[in-house]
Amino acid sequence: MSEDLDLSVAITANNLRKVYPGNPPVVALKSASLKIADNEFFTLLGPSGCGKTTLLRLIAGFEDITDGELILYGNNISNLPPEIRPVNTVFQHYSLFPHMSILENVAFGLRRLGTAKLQAEQIAQEMLELVHLGDYGSRMPNQLSGGQQQRVALARALAPQPKVLLLDEPLSALDLKLRQAMRSELKRLQRETGITFVFVTHDQEEALSMSDRIAVMSSGEIQQIGTPDEIYERPANRFVADFIGDANFYDAVVNTTSENNINYEIHGGQILQSPIIEGITVGDKVTLILRPEKIAFVDNKVKNTLLGKVSEIAYLGNTTDYVISLSDDLTMKVRAENHFDGEPIANIGESVNLAIDPKAMRVLSA
Amino acid sequence: MSNINTLDKDIKVPKHRDIRSLPGFSWFSLGFFIYLYLPLFILVIFSFNSSISATVWESFSVAWYFKAFANDDIQRAAKNSMIIAVFATLFATIFATMAALAIGRSKKIKYKSVFTGVIILPLMIPEIVTAVATLTFFSAIGLSLGLGNIIIAHTVFCIPFAYMPIRARLQGMDEGLEVAAQDLYANKSDTLRLITLPLLAPGIFSGAMLAFIISIDDFIITLMVAEAGANTLPIYIYGIVRKGITPEINAVSTILLIISIIFVTLSYWIGKKR
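In order, the protein sequence lines correspond to chains A and B. Read left to right, the first sequence gives residues 1341 to 1706 (the working numbering). Read left to right, the second sequence gives residues 633 to 906 (the working numbering).
Next comes chain A alone, as it looks inside the complex:
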């Protein structure tokens, strides 16, 4: 492995592996390699048990690395204990010290680093003001609400000015409104402090709305790394497409190719189209991925439409999901914005015509 002295890279993980001993041993992280850029908001996204928290704990130093190496701004930190790593963590359940005041909590890291008491408390006070809790320094943690404790935890982790801030599902214990407010708060803090954030979540909306880049993880492996729109628009595999947002999946065979499009035949004989893709030829078996909001209801004068019958309707407020039966055992989920009066576009049992722009089609070779 080449030594990384490029300071635009905050964290380099080379084949990181974590196995918990036991009978049988548990492989929490199979082999993760990634580079996180300086000043980046990087998110580890995946369902529970996918290894995202393990990866975070390896970076923090709470777990021993089974194999591989971890480089922080050019320094190999693979074997350093957590108290030496210039990395701080915001914990899921905040983990504020209950016997210390808010100010003492925030000043704790600085004091351990040897900062004089007065100066540490001054910086702690500034940090509390940064999270809008300037007046709360003398209170005890149990006198604060969950949202306030969360912000104290942030201030405490930011106060020692770590090179990297790790956030372990920090918003999951908050209610919806607070969670949304904290998202922009986190974004703002990251911009203002210029610290690299590594954020762990299972909430795709959180990941998409805050991250510069996302690593989607599943069963101990990184499935895809990319910007939010890359992850959503060009999922690398079926897992990513399925985990992020909703998607229709169809096994298909390449039927014909024309000058502009490839035609795929799906089960039941209907034809779906995509633009020309290099290396795909007639007879290939592929998986087609189609996001439900990229399908339009059209009237029957439009050519090349799919025909189907509405079989289910789910009203979601701003949008409505329609499940359209294309044939006996083939359905397509279509998401449409609701009309001004909220009336459904089509009713159950009604025949509809669906139009799909070939450019909306994602094709994975099966």
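Hints in this document: simulated from the structure, not taken from any laboratory. Fair warning: this is a prediction, and the values are worked out from it, not measured in the lab. One or more of the hints may lead you astray.
Derived pair list, reagent style PhoX-like, types lysine-lysine, alpha-carbon separation capped at 25 Å [to be verified]:
id	chain 1	residue 1	chain 2	residue 2
1	A	K1641	A	K1673
2	B	K820	A	K1457
3	B	K820	A	K1503
Computed beta-carbon distance windows for the label pairs [claimed, not checked]:
id	chain 1	residue 1	chain 2	residue 2	range
4	A	K1649	B	G804	52 to 62 Å
5	B	K820	A	H1439	13 to 23 Å
6	B	I741	A	V1366	16 to 26 Å
7	B	K904	A	I1688	55 to 65 Å
8	A	N1658	B	I741	13 to 23 Å
9	B	D650	A	A1513	30 to 40 Å
Not the full set, but computed from the structure, chain A residues with beta-carbon under 8 Å of chain B [what the hints assert, rightly or not]:
id	residue
10	A1400
11	P1422
12	E1423
13	N1428
14	T1429
15	F1431
16	S1435
17	H1439
18	F1448
19	G1449
20	R1452
21	A1456
For each residue, glycine too, the CB sits at the ideal point set by N, CA and C.
Please build the complex by placing chain B on the supplied structure of chain A, with the hints as guidance.
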């Protein structure tokens, strides 16, 4: 839809039966509490009797308390009890705290439940067996430290009592706080000093209170191990009672009782503190 209907039929709500609805329950419990506390109540009452009789009430007086406090033998025995209890508590609590931390926090120690069992086992051994064993052991090695002998013996049987509240407190403590401290640049001894011990303190105090009261109240082991002149309060009381019960003994016993109640209550309240 049909599922819901079948479910409805299958659910049988068990009729809740409150134990208080059993016939005679309240009388039974009243009798039980009388049986428990009446003798203690009488002992306390007669410590305030002005007459020397321990059975016939004359009038209210605190004279026996003054007499007890003025009694040299009682003073000496009380002082011995205090010294023994303080040192035994100190040693037992330190030992129990270290044991609880080692068992509760070390990742290297295997068979933690076995260690806990070994520490708690003295609770289950009949006290007379421990007493005889300790006496035999002390005389075999020729140990003769006066009160020191008793302190050593008391330390041993106080450890499980001190250990249990500390262990319980540690188990209820969020290990995440210690991880958070390490994340914030605290080394192992800082973490212990600034996070673990302050948070464990209620458990430690609670354990110490229990150990203290167990030491103050102990009779059998002390009787065996005590050398001449190293009388404790319970042994003094036993010696006097054989010559007949006086209200002076009632007064001393009442004071012991009050000390016990105070310490057990303190132990409970502090142990409950978050």
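Under 8 Å, Cβ to Cβ, is where T1429 (chain A) needs to be relative to chain B, so tell me if that hint holds or is violated. At 5 Å from the nearest chain B Cβ, T1429 (chain A) passes the 8 Å test, so the hint holds.
Does 30 to 40 Å hold as the CB distance between D650 (chain B) and A1513 (chain A), or does it fail? Taking Cβ atoms as reference, D650 (chain B) and A1513 (chain A) lie about 38 Å apart, which means the hint holds.
Status of the given 52 to 62 Å range, CB of G804 (chain B) versus CB of K1649 (chain A): holds (59 Å)
Grab the minimum C-beta distance from F1448 (chain A) to chain B and call the hint holds if it beats 8 Å, violated otherwise. holds (5 Å)
Decide if the proposed pair is consistent with the structure: K820 (chain B) and K1457 (chain A), CA atoms, cutoff 25 Å inclusive. holds (21 Å)
Does S1435 (chain A) pass the interface hint, meaning its C-beta sits closer than 8 Å to a C-beta of chain B? holds (4 Å)
When you take the CB atoms of K820 (chain B) and H1439 (chain A), is the distance between them in 13 to 23 Å? This hint holds: roughly 19 Å between Cβ atoms.
Interface hint check: G1449 (chain A), Cβ to nearest Cβ on chain B, cutoff 8 Å. Holds or violated? holds (4 Å)
Is K1641 (chain A) close enough to K1673 (chain A), meaning Cα to Cα at most 25 Å? holds (22 Å)
Assessment of proposed distance window 16 to 26 Å (beta carbons of I741 (chain B), V1366 (chain A)): holds (21 Å)
Are K904 (chain B) and I1688 (chain A) spaced within 55 to 65 Å by their CB atoms? holds (59 Å)
Against chain B, with CB atoms and a cut of 8 Å, does the hint on R1452 (chain A) hold up? Hint holds; R1452 (chain A) Cβ to chain B Cβ min 4 Å, cut 8 Å.
Checked against the numbered hints above, the structure violates hints 8 and 21; every other hint is satisfied.
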